[in-house]
Structures are given as C-alpha cells and as structure tokens.
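Participant: Sequence:
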Amino acid sequence: MNIAARKTNPFPDAGGREKRITPNIVKAAKENNTAGVKSALRSNPACVNDVDSQTLMSALHWSCANRNSEIYDILVAQDGIDLRPTNSRGQEPAELAMRSGASKIADDLHRRIHFQDHMSADPYGGDSTVTIFDPDPS
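Counting from 1, position 130 in the sequence shown corresponds to residue 163 in the working numbering; the numbering is continuous, with no gaps.
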C-alpha cells in the first residue's frame with residue numbers, strides 16, 4: 034500500500050472500504066480517560082450507546098471491565114443509556130463488572146436494571162388501556 038492510500042484510508046478491509054473507527058467515547062472509556070468521556074458526551078450526548086465496531090464494547094462495558102466508578106457514574110446518569118448492551122462475546126456490562134471484581138458497580142447496575150425492568154413492565158398484563166367506569170353515562 035502506498036503512503037497516499039494509507040492517509041486517505043487508514044483502516045481498509047479486504048474490500049478496500051474504510052472500517053469504522055472506534056468512537057471517541059469508547060476509546061476514552063477504554064483508556065480510563067474521564068475528561069475524554071465528558072468531552073464526547075458534551076459534543077454528542079447520543080454517543081453514550083456507541084460501540085466499537087469489532088468488539089461491540091460500549092463505554093459502559095469498559096467502565097465496568099476497568100472498575101472505573103467515576104466513568105460508570107457519568108455514563109449511567111445519561112438519559113437513554115442502554116444498561117444491557119451485549120458485546121461480541123454476548124457479555125453485558127454487569128457481567129464484566131462482576132468478573133473484574135467491581136462488586137459495587139455490579140450491584141448498582143443490577144439495581145438499575147431491575148428498576149428499569151420494573152418501570153417498563155405493564156401492571157395490566159400487556160394492555161395498558163384504562164377504561165374508566167362512569168356510573169352515570171347520560
């Protein structure tokens with residue numbers, strides 16, 4: 034590969050197409066770079082659920098695997114964060130937290146998942162339509 038091709042396409046795959054570069058927030062979380070995570074979220078709050086194109090690891094995965102409670106706290110405070118993404122090995126962040134010995138993070142994440150599941154459950158068995166009985170229909 035010549036130098037000019039390397040500059041324009043630094044990560045070519047077999048077909049010559051450019052591979053997606055790991056999102057900034059994922060790279061920052063992997064490197065325990067709190068300032069980088071904050072910066073990525075300031076510039077694009079929706080990036081909270083970005084994943085690495087190869088490993089499917091999210092910033093939340095990395096904060097759990099690295100036992101980084103500061104980055105973890107920043108991420109779980111974001112609206113719309115997916116608490117149960119799976120990486121390419123089928124692992125969720127809570128599993129990585131447990132495996133890495135981050136029991137406080139794992140416990141907190143389990144509580145958040147339980148609360149989220151409880152809040153999204155329909156107490157009326159799948160039909161959330163409420164019929165109000167009016168004793169005087171006239």
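It is worth saying that the hints were derived from the structure and are not from the lab.
Using N, Cα and C, we set each Cβ at its ideal position, and we do this for glycine too.
Keep in mind that a hint or two might mislead.
[Claimed, not checked] Per label pair, the in silico range of CB-to-CB distance: (1) 64 with 151: 28 to 38 Å; (2) 68 with 153: 13 to 23 Å; (3) 145 with 67: 29 to 39 Å; (4) 153 with 64: 25 to 35 Å; (5) 64 with 110: 33 to 43 Å; (6) 68 with 151: 15 to 25 Å; (7) 151 with 86: 15 to 25 Å; (8) 123 with 75: 23 to 33 Å; (9) 134 with 67: 30 to 40 Å.
[To be verified] Cut-off 27 Å, straight-line C-alpha distance, at most; resulting in silico cross-link-like pairs (BS3-like, lysine-lysine): (10) 60 with 137; (11) 71 with 60; (12) 71 with 137.
Participant: What hint numbers does the structure not satisfy?
Facilitator: 2, 3, 5, 6, 7, 9
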